[in-house]
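Enquirer: Going line by line, the protein sequences match chains A and B. First residue of the first sequence: 2, per my numbering; consecutive thereafter. First residue of the second sequence: 14, per my numbering; consecutive thereafter.
Bear in mind the hints are in silico, worked out from the structure with no lab data behind them. Please note that the accuracy of each hint is not assured.
Quick list of simulated restraints, FRET-style, between CB atoms [what the hints assert, rightly or not]:
#1 Arg68/B to Arg16/A: 47 to 55 Å
#2 Arg109/A to Pro21/B: 40 to 48 Å
#3 Val33/B to Arg16/A: 29 to 37 Å
#4 Asp80/B to Lys52/A: 46 to 54 Å
#5 Ala92/B to Pro71/A: 25 to 33 Å
#6 Ser59/A to Pro21/B: 45 to 53 Å
#7 Pro62/A to Ala42/B: 22 to 30 Å
Quick look at which bits of chain B chain A covers, simulated, 3 or more residues with Cβ under 8 Å [as the list claims (entries may be wrong)]:
#8 34–41
#9 111–117
Note that CB positions come from ideal geometry on N, CA and C, so glycine has one too.
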Amino acid sequence: NAGVMQNPRHLVRRRGQEARLRCSPMKGHSHVYWYRQLPEEGLKFMVYLQKENIIDESGMPKERFSAEFPKEGPSILRIQQVVRGDSAAYFCASSNTGKTQYFGPGTRLLVL
Amino acid sequence: KQEVTQIPAALSVPEGENLVLNCSFTDSAIYNLQWFRQDPGKGLTSLLLIQSSQREQTSGRLNASLDKSSGRSTLYIAASQPGDSATYLCATTQGGSEKLVFGKGMKLTVNP
Chain A
2 NAGVMQNPRH LVRRRGQEAR LRCSPMKGHS HVYWYRQLPE EGLKFMVYLQ KENIIDESGM
62 PKERFSAEFP KEGPSILRIQ QVVRGDSAAY FCASSNTGKT QYFGPGTRLL VL
Chain B
14 KQEVTQIPAA LSVPEGENLV LNCSFTDSAI YNLQWFRQDP GKGLTSLLLI QSSQREQTSG
74 RLNASLDKSS GRSTLYIAAS QPGDSATYLC ATTQGGSEKL VFGKGMKLTV NP
């Protein structure tokens, strides 16, 4: 059973470009969570999704950030018009019961 | 609002010592508490999960305890090895939600 997969593992964008981060949950998992780890800071919750629904987006910045988890395919975290402050490691986690969360390897975003 | 604290932020010990890592949280209304390990530039590996109804969990040389009433969890590492060197993160849930609130982690260095 493959674990949580994230791609790309590393992403470089220039200011103003768009970043798309993908997360494929573990097989059978229908809950997806996105967290962000800024340099020298702890992980912060961003958004919690179930298939086709956003359950909790209380940690998402109000502008430029969006997330989806379609019926088919991976969950996508989209950042429009990236700024240098968006540089961070973005982690996805999945679960099938909303209890134990299994984390992916993360996508490290660098904004130049 | 749940807050998770890990003190100290870093610890350096000689190989073979038994270690105690501390985690405190402010809101005792939790679903569970998880301990993770993070290696530099890598994702999170779940070490132990303690459900709110449990007092402790064990896996190999690791033992985690939970005292909800005092808002504390402790991770014991027996007979530490250089391979245990990593950052250890404590995370718990917030109120009735499933999102995880993380401490900033404790960087452990075990010297041969």
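Enquirer: Taking the hints in turn, state whether each one holds.
Expert: Comparing the hints with the structure gives:
{"no.": "1", "hint": "Arg68/B to Arg16/A: 47 to 55 Å", "verdict": "holds, 50 Å"}
{"no.": "2", "hint": "Arg109/A to Pro21/B: 40 to 48 Å", "verdict": "violated, 27 Å"}
{"no.": "3", "hint": "Val33/B to Arg16/A: 29 to 37 Å", "verdict": "violated, 45 Å"}
{"no.": "4", "hint": "Asp80/B to Lys52/A: 46 to 54 Å", "verdict": "violated, 37 Å"}
{"no.": "5", "hint": "Ala92/B to Pro71/A: 25 to 33 Å", "verdict": "violated, 47 Å"}
{"no.": "6", "hint": "Ser59/A to Pro21/B: 45 to 53 Å", "verdict": "violated, 30 Å"}
{"no.": "7", "hint": "Pro62/A to Ala42/B: 22 to 30 Å", "verdict": "holds, 27 Å"}
{"no.": "8", "hint": "34–41", "verdict": "violated (count 0)"}
{"no.": "9", "hint": "111–117", "verdict": "holds (count 7)"}
Checked against the numbered hints above, the structure violates hints 2, 3, 4, 5, 6 and 8; every other hint is satisfied.
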